[in-house]
Amino acid sequence: MTTLILAEHDNTALLGATARTVAAAKNIGAPIHVLITGHGVSAAANAAAKLDGVEKVLVADHESLAHGAAEPVSEAILAIAAAYEHIAAPATTFGKSAMPRVAALLGVMQVSDVTKILSPSSFERPVYAGAAIETVEATADKVVFTVRTSAFDGVAETGSASIEPVGFSPTARTSRFVSRESAAGGGGVDLSSAKVVVSGGRALGSAEQFTEILTPLAEKLGAALGASRAAVDAGYAPNDWQIGQTGKVVAPDLYIAIGISGAIQHLAGMKNSKVIVAIDKDPEAPIFSVADYGLVADIFEAVPELTKAL
Amino acid sequence: MKIFVPVKRVLDANVAVRVRPDGSGVDLANLKMSMNPFDEIAVEEAIRLKEAGKAETITAVSIGPTQAVDTLRSALAMGADAAILVRADGPVEPLAVARILKALVERDQPDLIIMGKQAIDGDSGQVAQMLSALVGWPQATYASKVEIEGTAVRVTREVDGGLETIEMDLPAVISTDLRLNTPRYASLPNVMKAKKKPLEEIDAASLGVALEPTLKIASTLPPPARKSGSKVETVAQLVDKLKNEARVI
Ligand SMILES: Cc1cc2nc3c(=O)[nH]c(=O)nc-3n(C[C@H](O)[C@H](O)[C@H](O)COP(=O)(O)OP(=O)(O)OC[C@H]3O[C@@H](n4cnc5c(N)ncnc54)[C@H](O)[C@@H]3O)c2cc1C
Ligand SMILES: Cc1cc2nc3c(=O)[nH]c(=O)nc-3n(C[C@H](O)[C@H](O)[C@H](O)COP(=O)(O)OP(=O)(O)OC[C@H]3O[C@@H](n4cnc5c(N)ncnc54)[C@H](O)[C@@H]3O)c2cc1C
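Protein sequence lines, in the order shown, are assigned to chains A and B.
Mapping of the first sequence onto my numbering: residues 1 to 310, in sequence order.
Mapping of the second sequence onto my numbering: residues 1 to 249, in sequence order.
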């Protein structure tokens, strides 16, 4: 019995989601191999070899894998899948795009967005935007799953796994990469692994005010910036800052919701934060039902005051 | 060009979800059901491609109980041309949904499939990728922009870290993200017209796809409740609590 994990990296560095997925997979109790797919990825492979609990790092290096296209990435996994009982990836847009393909071609279901591993065949996962938690049992002899990374703390970098190349030649019809546009940085702090998140809603009123009001607070706290869907739709914040059922799921030590009403779809992305602060002028706003500390106030006065007080 | 749009009947996004206390599932009895919001976006995108002269016919497909006809009629009222109901009464897992769609794709030979990135009930986010793999077509998940030029389709995708643009040759599969478009409301005359549009009914069993779930749902329970918090009166009080009580700053 061995577990294979698809690594998430940006060709130079390994992303934190990988260490968190390894942490989740340790609960299965089997040896762990990590697969790096990409082109010119030795730095990422070296980083993966240091992750505690990893026995072996496999590297599929090919031009077609350079931009993380789901079609060749899933083929690279399938090429070595026979040796593994469990195949997992972080539930990031990269992992989520590739893994259902692997599952379908193996003829098994994927268990999506696992938040807890109860046994090698039993998993917890949220459904209905987190309004319910399902316990699912996989009955097939292969289990494909994605990991909700906010539910697990990453493993330490104390390991020293071996690194081995694996051959790969693509055959599937595939998409062609054209370009990539990075989101304007939110103070350089990664939203998925931030200890503090400052998140803004529709109340911010404009992209300028979003930056003007929230950035100084985020900088003081070393926080990442997040947003509600309404704020993203209105163009106040880039799409990958969206927190919620259909955006990112975060669970920082401190989440500060500013002018966000707290729709269930938003709560789905942040209600497992350790401490939640809400600032909103409507005392009835549903965000207060999950907030540890609620402040009923005008954000344009309260937030600058808070920034100053810190 | 022929477009397929799979649409799922789900609990309406604005209805509060009630989890049955015995862990047996979510209560759906007598509650408002609607088309999955991402599928509405998919229908809208297909209609816009048709209006732009890039597509000829749009077929909506739903797999589910007889009531899924309502969901298909909604797609027809928005502007789809024809609909297929694949009748299945029990729960159908994403893999079985993808296999059923594959059987229909082989039969009807569409050039493009546009579907939701996730259904808001199961939140699995799998069917589009599974279908793409099973039929061997390229995929573009999380689309926020779709442009068709001849037999090529260019898609901007919402990915972690920003936006990615990719290109595919048709036939291909696209899954929709929220910001692709804002779906139209069906006008009353169109709702009436939809009743006359062709709607084919097929029995899922006749497609030779195994429907028995392979994931056993042992229980469905409410998430652990958060202990209720308190209101603070001033910013100074908030800072004090965060420093001395919660100790997070
Ligand atoms: C299928 C689907 C998926 C969705 N996915 C997501 C998702 O992933 N993430 C997400 O966030 N949403 C999602 N939504 C949208 C969600 O339902 C809400 O519409 C959205 O979260 C609202 O954003 P908001 O709280 O910023 O805006 P609003 O609900 O408009 O709230 C604004 C708040 O600001 C307060 N306010 C206004 N002015 C001030 C002021 N000067 N000072 C203090 N307070 C002020 C108001 O009292 C109000 O509470 C989804 C919806 C659907 C249907
Ligand atoms: C024993 C058991 C009991 C279950 N009970 C329930 C229950 O009570 N309620 C419930 O909602 N689920 C239930 N499920 C889960 C359900 O059957 C599916 O597994 C799950 O809802 C499908 O995942 P998804 O819709 O999230 O797929 P996704 O992959 O998230 O769907 C993505 C897209 O695929 C398309 N699509 C998906 N399904 C269909 C469809 N049927 N027809 C047409 N297009 C579709 C749509 O375009 C959709 O946007 C149960 C499952 C099992 C095994």
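The set of hints was computed from the structure by calculation and includes no laboratory data.
Treat the hints loosely; a few may be bogus.
As the list claims (entries may be wrong) - List of simulated lysine to aspartate or glutamate pairs, EDC-like, C-alpha gap at most 20 Å:
no.: 1; chain 1: A; residue 1: Lys50; chain 2: A; residue 2: Glu164
no.: 2; chain 1: B; residue 1: Lys231; chain 2: A; residue 2: Asp282
no.: 3; chain 1: B; residue 1: Lys231; chain 2: A; residue 2: Glu301
no.: 4; chain 1: B; residue 1: Lys243; chain 2: A; residue 2: Asp141
no.: 5; chain 1: B; residue 1: Lys50; chain 2: B; residue 2: Asp108
no.: 6; chain 1: B; residue 1: Lys54; chain 2: B; residue 2: Asp70
no.: 7; chain 1: B; residue 1: Lys195; chain 2: B; residue 2: Asp70
no.: 8; chain 1: A; residue 1: Lys274; chain 2: B; residue 2: Glu212
no.: 9; chain 1: B; residue 1: Lys231; chain 2: A; residue 2: Glu219
no.: 10; chain 1: A; residue 1: Lys308; chain 2: B; residue 2: Glu233
no.: 11; chain 1: B; residue 1: Lys216; chain 2: A; residue 2: Asp141
no.: 12; chain 1: A; residue 1: Lys220; chain 2: B; residue 2: Asp240
no.: 13; chain 1: B; residue 1: Lys193; chain 2: B; residue 2: Asp81
no.: 14; chain 1: B; residue 1: Lys216; chain 2: A; residue 2: Glu284
no.: 15; chain 1: A; residue 1: Lys274; chain 2: B; residue 2: Glu149
no.: 16; chain 1: B; residue 1: Lys231; chain 2: A; residue 2: Glu305
no.: 17; chain 1: B; residue 1: Lys227; chain 2: A; residue 2: Asp253
no.: 18; chain 1: B; residue 1: Lys145; chain 2: A; residue 2: Glu85
no.: 19; chain 1: B; residue 1: Lys241; chain 2: A; residue 2: Glu85
no.: 20; chain 1: A; residue 1: Lys308; chain 2: B; residue 2: Glu167
no.: 21; chain 1: B; residue 1: Lys216; chain 2: A; residue 2: Glu219
no.: 22; chain 1: B; residue 1: Lys50; chain 2: B; residue 2: Asp12
no.: 23; chain 1: A; residue 1: Lys281; chain 2: B; residue 2: Asp111
no.: 24; chain 1: B; residue 1: Lys145; chain 2: A; residue 2: Glu219
no.: 25; chain 1: B; residue 1: Lys231; chain 2: A; residue 2: Glu181
no.: 26; chain 1: B; residue 1: Lys243; chain 2: A; residue 2: Asp253
no.: 27; chain 1: A; residue 1: Lys142; chain 2: B; residue 2: Glu212
no.: 28; chain 1: B; residue 1: Lys241; chain 2: A; residue 2: Glu181
no.: 29; chain 1: B; residue 1: Lys227; chain 2: A; residue 2: Glu284
What the hints assert, rightly or not - Label-pair restraints from in silico Cβ distances:
no.: 30; chain 1: B; residue 1: Arg226; chain 2: A; residue 2: Gly40; range: 38 to 48 Å
no.: 31; chain 1: A; residue 1: Asp282; chain 2: B; residue 2: Ala13; range: 20 to 30 Å
no.: 32; chain 1: B; residue 1: Lys32; chain 2: A; residue 2: Lys281; range: 22 to 32 Å
no.: 33; chain 1: B; residue 1: Asp240; chain 2: A; residue 2: Glu137; range: 42 to 52 Å
no.: 34; chain 1: A; residue 1: Glu181; chain 2: B; residue 2: Thr66; range: 44 to 54 Å
no.: 35; chain 1: B; residue 1: Pro222; chain 2: A; residue 2: Asp282; range: 23 to 33 Å
no.: 36; chain 1: A; residue 1: Ala43; chain 2: B; residue 2: Leu31; range: 48 to 58 Å
no.: 37; chain 1: B; residue 1: Thr66; chain 2: A; residue 2: Gly40; range: 46 to 56 Å
Nothing here was measured: the structure is a model prediction, and the numbers come from that model.
Using N, Cα and C, we set each Cβ at its ideal position, and we do this for glycine too.
Unsatisfied constraints (hint numbers, rising): 4, 6, 8, 9, 14, 15, 18, 19, 20, 21, 22, 23, 24, 25, 28
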